[in-house]
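K.L.:
Listed here are the chains, written in short residue letters.
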Amino acid sequence: MNIRSLFATKTRRRVAIVLAVLLVPAVLYKVVYPVFFDLYTGVENAPLTYDTRELTEAEFEQLALELTEAKRRERAEAVVTEEDDSFAREVKIDILMNTPSFIEEGGYPHIEYFREAGIREYEGPKTCLECHATIDITHEDGTVETVDTLEDIVNTVHFKFQTAAGGAFSTYGYDGRQVNAEGARKIPVGKINRACGIPGSFSWTGWAALVASRPEHGLDEAAERSPVEADPATVEGISLALNDPGKTGHGDGEGLSDGVVLRSEGCGQCHIGGNYHPATEKMMPVGDVPKEAKEGIDCLICHAGEYDMNQRYVIQDKHGLRWNQDRSMRSALTVGRASNENCLNCHQHNMGGDAYIHNVAAKHLGDKHQRLLHTGAKRGNPFSPQSDAHAAAGIKCTDCHVPEGHKIPRGRKGVDLVASDLPHKEVSCESCHSQTPHNVSEHRALLNGHVARLACETCHIKDLVDNNVVLRDWVHPTWNAEEGIWEPTDVFRSGKPGEGLMYLWFNGNGTFLANALGSNPEGDGSYNPLMEQIARIDNPDVIAAVREKARELKKQYPDIDIDRYVETATDPLSQLSPEMLEKRRKMVADNLKAAMEEGESRIYPFKPFNAMMFEDMNNQGPFGAMILPFDYATYYETGDSRAAVVKAIQDPIVRRMYQEPFKLYMMDEFMAYFGVDGWKTIYPLTDDNKLAPQVEPHWMRQMGTLMVNHGIQREGHDCKACHQPDGLLDYEALGYTPERIAELTSNEIIDEIEP
Amino acid sequence: MLVSPLSDPRSGFSCLAYGQCGTALRRLLLLALLALTASAFALSTAASYGAAAQTAKKSGLLKEDSRDCMRCHWMETMAYRDRETGKIVNLSIDRDAYRHSVHHELACSDCHDRGYSHYPHRTSSADEALQCVECHEEREDDGAPNLVGLHHEYEKSVHVTEEVEDFSCFSCHNPHTFHPVSAGESIAQVVAETNGTCLDCHTELLTPVPKGHEWLPRPQAHWGSVRCLDCHTPLEGRITERPSHNVLAAEDSNQLCVECHSKGSALLSQLYNYRTEQARDEKGFFAQAIYNDAYIVGMTRNPWMDWIGLGVILLMILGVAAHGYARYRFHREQETSK
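Each protein sequence line maps, in turn, to chains A and Y.
Counted from 1, the first sequence has number 1149 at position 315 by my numbering; the numbering is strictly sequential.
Counted from 1, the second sequence has number 714 at position 316 by my numbering; the numbering is strictly sequential.
Check before you lean on any hint, since a few could be wrong.
[To be verified] Simulated restraints on C-beta separations: (1) Y:GLY622 to A:GLY1010: 39 to 47 Å; (2) Y:GLY622 to A:GLU974: 39 to 47 Å; (3) Y:LEU654 to A:VAL1274: 48 to 56 Å; (4) Y:PRO606 to A:ASP872: 56 to 64 Å; (5) Y:PRO615 to A:GLU1356: 27 to 35 Å.
These are computed hints drawn from the structure, not numbers from a lab.
Even glycine gets a Cβ: it sits at the ideal position worked out from N, Cα and C.
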């Protein structure tokens, strides 16, 4: 039929127009836009394959038997505890394990489901969705809603790492506006794009990297040190990576020598997407995550009882680098509700840190390309039965962080820019403990009285882990001979109060750069942490330690001026010009006062943190300048921090960031919150691929303050820890009047209690 | 409607500041009861006493030894859970509430005179023999209202005759916050406050079919609109200003619906005393005088029915007028055509 005849009559033309009106936008949206998007952002999407295979009937039954028996044994061992004679205990465990009722209870229910449904291979979300295409969500008010499971997940913070939702943040810009408040222009913010010196990179440039390390003890020893058996596949991994470097891989022939061990690094290790990049599509007001990316979601890392963290390492294919995941049937058969172990697969990395002795995931670093350990702890407050009273009591993460579907609340008090799925849902000590939490002590009423001014954490987190990092220098890396990589230099680490743990008034509000806001309800108005506590380190011990580290660094970097180094690290405001300092003082007073005085403030413990990084000084304000990311592979391998920045900012996303559309779409608004007027799009790289002169190394102008809520110890600080001159709390800095300080530090009452 | 104090996490704190049993309702209640009691001694007495309180601004908490006490007892969360009853015992003094209370001139030691000079205290406040009635008699010259009449009522109440353990004035009244009712409190507030005091202990009544009230339709709706005391005090000898302190046992209490659901109900006269004043404020004297409690239509106490009734009457008048006018016009036209 002739095409013309399709439009021959008026009616046909009308039908054609209607069809076109319906179809053209759909095609544009579904086909043209994603292609354009990928071209524009430089991200790549491709079908994600994993090493899975179908089990035979016999293999399935064998696996089922092993898992069931192991689980039953675990349960039996938990029941038979009080038997001194190990032989007798073994016999009893055996009896119990063969008791019919005991066999019937427990186990892994999905073994039976899979058996009946004939599922012999786990193919990721596809397999799960066969039964769980929709789920019922119970909201806080008790209403139940049925939602599409995949849709629910891709819109969680665990997948997106950001939100543009109104009212999602209790964080204020330095311009005084609440971030994404109702009525404001919403921009996506969260871990995906916030400025943070701890990871040193950001999620696009640091998503997945294979680092060629050169451990000085050689391959064999590295394998011995490792808690897992070194896989000979490491060698294959090297050749794969080196022969096919991909877009962020290694240069030609580099590091082919015998001593090279490939290691995995990057933000993607802790995120549930298995793609080549974070959820970039979700950064736009339109568009959806491509189907391939959805198929890469790792359901099992949160839901499998026996998830193997040794499968979590960077792999490389012709499209680039991405993170492998455990898609074994062994793991799939053990699915259930998320347990603490599941959450801690990733979150212990941030809480206790990788060096924390009870971090289970850090002992399963990968069958190959083992993940690099981050030895400096980010928050330093572990959650494990050994270090936290609640974990010891068997409390589950989800008992306090009560999910609604796949959305999980973080708590209403958010000092930093980490997005929260359910920002208005309460997560607090008080939701379980009453207003009278102390019941044992003779002085319980007096202790309970303190709740009016002190958060529970203030007394019940007595310290953080020792390797809690306070000051990190990314500009001057240090060689780690054992791992064979260049690492950022942790100038100061401590978990002690007054060093790596500080106390501030906090009402639940924070700034754009994670500074706790609050005010002293009975103060004299002098409390001003942004000009005082968090902008200066006074502790002479800390200053001495920083000086010592600076001396050490000078051996490697002769250009370092030790005095200046110590000054900028411990008094970051010394980096500001007098005009900038004045502007800062004024902005704090004019813009942040309301947010500080809102609600009820109590004293909370915070982990302070600052980092020296390269900054784009064209986009500078009184609170800091735009920090530039590092390319992990370049950084770890060469120790050339400038080259690592050069590499990272050539990422298409960073280039786009320095262009007009991104400026208008979000960067102007982002910088306004940052305290900078307007985003300047001068790309900080010269034509000959050198860092432009506006790129300077700086410490951020104040320390970030990270909230610490875990690692709760049953026995808190005693009275004298604070109620004495030179106690843990600096009452003067906290804005108390001299008369009140005298009362608070006198020991006339304390002596009655603690003679 | 009764709001669970647990629904608002903050209320937990504020309630501590007011009552031994610790609910926010309780505090509202106390205010109301206060008011009721105060007015019991004739408005003049209460008013003059209140006025005296207002003029004498020197707070008892600022006196020297009180300041020592307040070094600790200001803390809003100073409380503990009693090991025997499991209930939260509040030891906090809300400075603002105290300043506005009838006792605001008193220093701590005026009542708590022994065993508190050192921490830890020698005794707990529970074993103090504080006597409201005696103290008020002694201080009558200072304007303290005489409580003897109340006491006689109280002695007949079920709380005394049933020998409820540890029951005293303080079971319902918090002397640190007690003050005359503030003008402009709505009926709903008064009801919520008063009933909160009762329901604080009688928590078993917050169930769908409360014990002893099986005969009562929609019990929770009743808890929200009338005071427990409206039924649980004797019908005889009521005075309009306040409910009796003679709280009756279930079997002696009123169970006749029409005692309330009728015009000029004696049971409700006390409660609606407030409503009349409130309504007069809201609607003006005449509107209130017209509606009053006399239901034009039915006994529903439903204002919508009143409006509908009025509407029907208005329509009827309009109809009659239209009919009359039509007849008049018809008559005129016939006249002219003739």
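K.L.:
Hints first: check each against the structure and report whether it holds.
P.N.:
For each hint, the structure was consulted:
With their beta carbons about 43 Å apart, Y:GLY622 and A:GLY1010 fall inside the hinted range of 39 to 47 Å. One distance hint, 39 to 47 Å for the beta-carbon pair Y:GLY622 and A:GLU974, is violated here, with the actual separation near 24 Å. One distance hint, 48 to 56 Å for the beta-carbon pair Y:LEU654 and A:VAL1274, holds here, with the actual separation near 53 Å. Checked against the hint of 56 to 64 Å, the pair Y:PRO606 and A:ASP872 passes, with Cβ atoms roughly 59 Å apart.
Remark: the range hint 27 to 35 Å for Y:PRO615 to A:GLU1356 is contradicted by a beta-carbon distance near 51 Å.
Hints 2 and 5 from the list above are not met by this structure, while the remaining hints are.
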